[in-house]
Structure formats: C-alpha cells, structure tokens
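Protein sequence lines correspond, in order, to chains A and B.
Residue 255 in the working numbering sits at position 255 of the first sequence, with consecutive numbering throughout.
Residue 235 in the working numbering sits at position 235 of the second sequence, with consecutive numbering throughout.
Treat each hint with caution, since some may be false.
Computed spacing ranges between beta-carbons, pair by pair [claimed, not checked]: (1) T23(B) with R309(A): 34 to 42 Å; (2) I321(B) with A342(A): 57 to 65 Å; (3) T306(A) with W47(B): 53 to 61 Å; (4) Q133(A) with P347(B): 55 to 63 Å; (5) I321(B) with R309(A): 35 to 43 Å; (6) I321(B) with D147(A): 46 to 54 Å.
Some chain A residues well away from chain B (every beta-carbon gap over 10 Å; in silico) [to be verified]: (7) A16; (8) C48; (9) A153; (10) D164; (11) A167; (12) D181; (13) A343; (14) D350.
Computed, partial: chain B to chain A, Cβ under 8 Å [unchecked claim]: (15) Q192; (16) G193; (17) H225; (18) A226; (19) M231; (20) V238; (21) E256; (22) T261; (23) L267; (24) G270; (25) I272; (26) T282; (27) D284; (28) R286; (29) A290; (30) V292.
Hints in this document: simulated from the structure, not taken from any laboratory.
These figures come from a predicted structure and were not determined experimentally.
Just so you know, even glycine gets a beta-carbon here, dropped at the ideal spot from N, CA and C.
2 protein chains.
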Amino acid sequence: MRSGINGDRLWARLMAMAEIGATPEGGSCRQTLSDADEAGRALFLDWCAARRYQRRRDRIGNLFLRRAGGDAEAAPVLIGSHLDTQPTGGRFDGVLGVLAGLEVLETLDELAVETDRPIDLCVWTNEEGCRFQPAMMGSGVACGVLDMETVLAARDHGGTMLADEIARHGYDGEPLPQLADAACYIELHIEQGPILEAEGKTIGVVTGGQGIRWYEISVVGEESHAGPVPMALRKDPVPVLMHLIGLVQAIGHIDEDARCTVGRIELSPGAINVVPGRADMTVDLRHPDAAVLETMHRRFIDGLETLRRGHPDIDLQGRQIWHSPVVAFDDTLVRLVRESAAARSLPFRDIVSGAGHDAFNLARRVPTTMIFVPCRDGISHNPREYATPADVTAGANVLLDVVCALTCGDR
Amino acid sequence: MRSGINGDRLWARLMAMAEIGATPEGGSCRQTLSDADEAGRALFLDWCAARRYQRRRDRIGNLFLRRAGGDAEAAPVLIGSHLDTQPTGGRFDGVLGVLAGLEVLETLDELAVETDRPIDLCVWTNEEGCRFQPAMMGSGVACGVLDMETVLAARDHGGTMLADEIARHGYDGEPLPQLADAACYIELHIEQGPILEAEGKTIGVVTGGQGIRWYEISVVGEESHAGPVPMALRKDPVPVLMHLIGLVQAIGHIDEDARCTVGRIELSPGAINVVPGRADMTVDLRHPDAAVLETMHRRFIDGLETLRRGHPDIDLQGRQIWHSPVVAFDDTLVRLVRESAAARSLPFRDIVSGAGHDAFNLARRVPTTMIFVPCRDGISHNPREYATPADVTAGANVLLDVVCALTCGDR
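My request is simple: use the sequences and hints to build the entire structure.
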C-alpha cells in the first residue's frame, strides 16, 4: 500500500510527549516508574482512549493495546518500544517506536482496514535501566529472560524498591501475556549512531544485534610518593594501563564492524603527587559476528596474559562480567523491511544494532526485527537527540507497510 | 664529640606520641589544628616542661623552644620539623625531627654543654596540608613565602576556617620571629623513599630539593554510545590519553633522577558502555637539576602540541598549575652532615629530597639542610611507615653532632 501515516500528528505527539518531564536543555526526563513516566503513559493512554483498543497491563507494568483482527484467535503481530527515558534523555529514543505504533493502528482505523489477525502495541517498562537495573527489564520479564521476583526486589539509588513503585502506580497483577504465541515483533527506533546520516540513508534495515562482552580490569601496584621514588623502583600501574588501552584500540581495528571502548578508568588514591597503587578500568567489546567477537575476546585475554608476564611486579586481573550473544533477526522480516523501504523509494542499508533494545529479548521468543531511522550526529541519551520529521514519517510508514504485509493476507 | 643522644628515650617518645590520634592500623591521625594535633603538642610541651627552655608561639601556631647559649644576642641555630600528620599518617614523618631535636637539647643539658649561641627547636604548623591548603603553611608564613591573612581564611572540607581553629586553641598573636636573623636551619626526617634502604645507607646527606611542575590536562572529544558508533567516527579522548601517558613515561626516563607521575585520571561520564566525551589527567614532573626540569617541561609542552596537531577532532588543553623551583641546600651545612656521618662510621650518600619539607621554605631565608634516615620499603603517609630504632638513633646523633659543630666554637 502507498497510503501513509499522519506525519503531522505523529510529530505533534512526539513534541507533546517531550513536554512531560521536559528539561531546560530541551530533552525529557521520565525515568521508569517515576511520576513523569506515569504521566507520559497517561498521555499516551488518553490518545488511545478515542479508539476501541483492548488494554492490558501486566505485573511489571508493560502495557499492551490490541487492535482486533478478523481472527481473534490468530497469533498477534507485536509492535512497540518504550516511553521511559534516561535522566538526560531526548525526544525520540523509545517514544518514536510507541507513537509510530499508535499511528499504524490509527491509520489502519482511518483506512478501515481489517487485518487478518490482532496487532498488539507494546509499551515495555524500564528499557533504559538507569533507575532500576538491569535495562530492558519489562521485555526481559515478559520473555522469561529475567525473573519477576528478582527484578521486583531491585532498588534505585534512593533505596526505593521497584515492587513498591509498581504497587504505587496500581499495576494490578494480570498474568503475563503468552509472548511465545505471538506471530512476530517489529520495533522502530532511532539509530543512536551516525551511520545512516553519514551515508544519506533514511531506513536502516536491522539484521541483528552486536554481541557484547564486558570486562573489569584491575591493575594493582604499590602506592608511593611522586617525589622520592625513582621510576625504576616504582610499581606504577599507569604504564600497564597505557598498554591495556593500546591493546583495546588494536582489537578495535580488527575490522570495521568491531567496537572497543574503555569507558571508565579510576586511579587510587587519585592524587596529583602520589604514584597510584591501583588502576581500575572497564572494557566493552562488540561485534555483529559471533566468531569475530570470540577472536576479539581471545586476543584480549591473551594480551592480558602477555602484559601480566611482562610486568611481574604488578598484579593484573581481568574478568568478563557480561556476555550478550550476537542476535540475528528473522530473515523473512528483514527482507520485508528491505522491500518496504525500496517500494517507497527510500534510501536504505542493512545495519546491525550496536545498542541493546527490547527487541533483543523478543528475538529469543518470536521472529523479530527492527527498523532504524537516522538521528542527527548519532547523538542519543542527550537533550540534543534529534530526528527530522521526514525521517520519522518515513520510518513509521515502513512500519505500517511491514505490518500490513504481515496482517493483510497479501504476503 | 662521640657522646650521643638517648636512643631508648627517643624511641619511647616516638611510640608514646603515636598513641595520640592512634589509628586501628597502627598509624596516627593528628591533622593540623585538630584536638589530636593539640594533644600531641601538649604531650611534647609536657616533655619540655622539665627543662628551662624559653617557649614562644606565633600567630599561626608555630612553636619555638629555645635553649639559651652563651651569647643571648647571637644568631640562633634552628632545628625541628612538624607534629601534624596525614589522616592515614605514620609514626615518624615530622615527629622524628621534632623529638630528635628535643633529644639534642636534652643531651646538651645532660652533658652540661654551653653553646655559644641559642638553639631554637621549631614545631611548624600544618606541614601536611591535608586539612588546610597549602602544605608547609607554618614555615611558609614564618619565611614570608605565604601571606598570613590569606592562610587564616583557608577552610577545611567541613567549612571550618583556619582562623577559628587558631583562636579556639588560644594562639595568642605574638609577633612572628625574625627568621632572617637565624644562623641556619637543620631538619632530620625519614626519606619517604626507598633509596637509602635499597643501598644499605643509614644517613642521607640531603643536598637539596627537586624542582616540581604540576599540570592539569583536559582531552575533550564527543560522548557516544559504545555500540552504534564505528571506531573511525568516534571522537574518543582515550587514545590521546594513552599517548599522553606514553609521553610522560618517556620524559621520566630522560635520566635516573627524573620523576614523572600521572596521579589522577577521570573519564566522563565514566560508564562502561559510553565512549567518554572527556578525559582529565594530572601530571607531576620533578628533577633536582633546574636545567633538566626545564628540558622536561619543554618536551612535555612540545609533546602536547604534537598530539594536538595529530588529533584535530580532539580539544587537548594543558596548563601548568604549580612550579616549585629546585632548592639547593647550603654547601657548608651539607659538608658538615657528610663529615658527621663519616665520623660516626655511618654509611651515607648524597640524596635529593623528592618530597616537600618545611626546610624548603627555610632555605629561602637562611642556610639550610636536611638529614634523612631510611624508612622501610620507602613507604610513608601510611600506617606501615617504619624506621628502625638504630637508624632513628643514628640520625639524631648526626643532628646532635652538626648542632654541636655549629654552636660549640670548634668549627
């Protein structure tokens, strides 16, 4: 179909939602389960109220708005994303996928399309993970990746327990939906990276998610005074830290898809005139190809061992603290996105998601894919986060087309 | 003279003083102008009370105990150090110089020696600088290096003003002593480094103090997500940080007297999955030779410039925040220390002080030198700080001999 969603309405709603928890810098702060998050959901439900979508909410606060299809028993197509933000969040991350999903439902209403199966618009709780860890919590619980009782016991920095916030908002303990019964899941999102913009592409056809490995490294030497102790007699962890950075950088250039990041470094005690006794750092390795990520992992572990042997006075310890395997999205859905972009003459390219998304959890249970649109300068989690109205509309139209292809019997 | 101080009494007093502000780990915490610092001074004054030393105290709390000499108008010889400690201080830093000074005075009493000039035992306020900045404050004010009114306005982390602590302890506003009238100043101290122990030397003949330059460096790139942004499109400050560490390390090997330290590194925002937007680091360069330190400085500044040109996407800024020039101690006094050690058949070597001391301030006004004794593993500012009774006694005896040589008319 060449009909389209109402781009002006979608943009107006994105801007209206951004006013909930608006920050002085032009972004939004709606951390999960806060009053602002609840107010954002209330605004969203107000917009839904004019339609007769069936509304459900599960015990972790995930919202499901169902537009009925011809066969009420048929496996539903799921679309959606999240409405919570980082403390310094922008106007598009997550919100776009939810409000574009609502556009899809309303456009089908307005075009009087009867789909052959239900469409569920999902709003996942706590995708961001900034207030309560871990991230992608609502989809994780719904997909059986996370344990409900464990996450209910999570506490924020102020000591508030997640279960108490759930109760405060009156989430009423409906049973979890049977996600395994769904037909598939499609999520529209901003890229959160610079590739589409740099290459002038409107649509990112997301073929999967990078595998991720996280490490914590400690380099323990001996604290000493910066004056009296000769260089040769020091047990300074900083030169080892330098070699570690070099190792991570070298691994980052194994090919153009590799991503290697040193995000945190701490020296103890951290005084200008004290040779540190200890350095701590974190390493984040990512690659879309599981075999290459394994090679990167081995190279890193071997590099640590070489450094350890080369610095017998230093106690160098590294441990992997997390491994998120490579995610491959569903070939059929990926092809559908590609075809939909082509049919609308939108410039597109295949892309692998570098960030984590609820779709990664869904992909463990049902055929899944994502659609990316460009975001300016690749900036996200920031008040400067921006996507153009034209790209937002284009992304929502591709979502509409894919949903139609999946639900209108013309596959 | 081959008579000596009372080593047992000196050791017993060092251990007794360590009980004032004793910490569970076996060290002492007597931060300047605290109740514990005042209690330490009170214990010291108790020990002095049996003798008829003239006692003075100036407006910044520096204490002066004078043992009279034959000519009351002759320029006094000054000895001493400090009684305040770091929060995690040891039993010897500063305390040794004060209590060994008291030993010298009492030993002269016990030997019924009449010196030809007065001897002033000095206890300088706030050498450590951990509670109120800057360090070496009492000697700095006394020597005119620091302005009294400025330092009186200093506040600790809790907001307490130094002037209020001075008033609370009843320091009574006597005029500052005329230090320029003194004959000389000699300070005994632990080395706070590993050289004497490593070479089996008992006495460090301190020929001067290293020059010190401090720098603050900021490396500003652009914060981005560790997943989506390709390595080639990042503006990551961490690789530049790596080159900076390499630059500092290379300068540290210009010769064996150079000391180069990266003491603090901070990445912002400092999250495992975020490419940092900014790195901050500190650099401490030291050398005993002013010309070499200048070369090190130039090499560092030139290296910054080269890095800046090589990374046009990164905003690299460095500024020198402190320069303490090289200190050269008095040749005659240095020779006297050397001769005194040799006369007692104590192994000795020339050494340059890497740490700052009150003696650096005194050296601007009067002929000055220091005497070092070894400290175990070079560890100081730490409960594990330790010097042997034999070395402590040896150092105090060298101080005694030098004072006698300066005051007994046999120079």
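Evaluated hints:
no.	hint	verdict
1	T23(B) with R309(A): 34 to 42 Å	holds (38 Å)
2	I321(B) with A342(A): 57 to 65 Å	holds (59 Å)
3	T306(A) with W47(B): 53 to 61 Å	holds (57 Å)
4	Q133(A) with P347(B): 55 to 63 Å	holds (59 Å)
5	I321(B) with R309(A): 35 to 43 Å	holds (38 Å)
6	I321(B) with D147(A): 46 to 54 Å	holds (52 Å)
7	A16	holds (26 Å)
8	C48	holds (31 Å)
9	A153	holds (23 Å)
10	D164	holds (26 Å)
11	A167	holds (30 Å)
12	D181	holds (31 Å)
13	A343	holds (26 Å)
14	D350	holds (14 Å)
15	Q192	holds (5 Å)
16	G193	holds (2 Å)
17	H225	holds (5 Å)
18	A226	holds (4 Å)
19	M231	holds (5 Å)
20	V238	holds (5 Å)
21	E256	holds (6 Å)
22	T261	holds (4 Å)
23	L267	holds (5 Å)
24	G270	holds (5 Å)
25	I272	holds (4 Å)
26	T282	holds (4 Å)
27	D284	holds (5 Å)
28	R286	holds (6 Å)
29	A290	violated (16 Å)
30	V292	violated (14 Å)
Violated hints, in rising order: 29, 30; the structure is consistent with all others.
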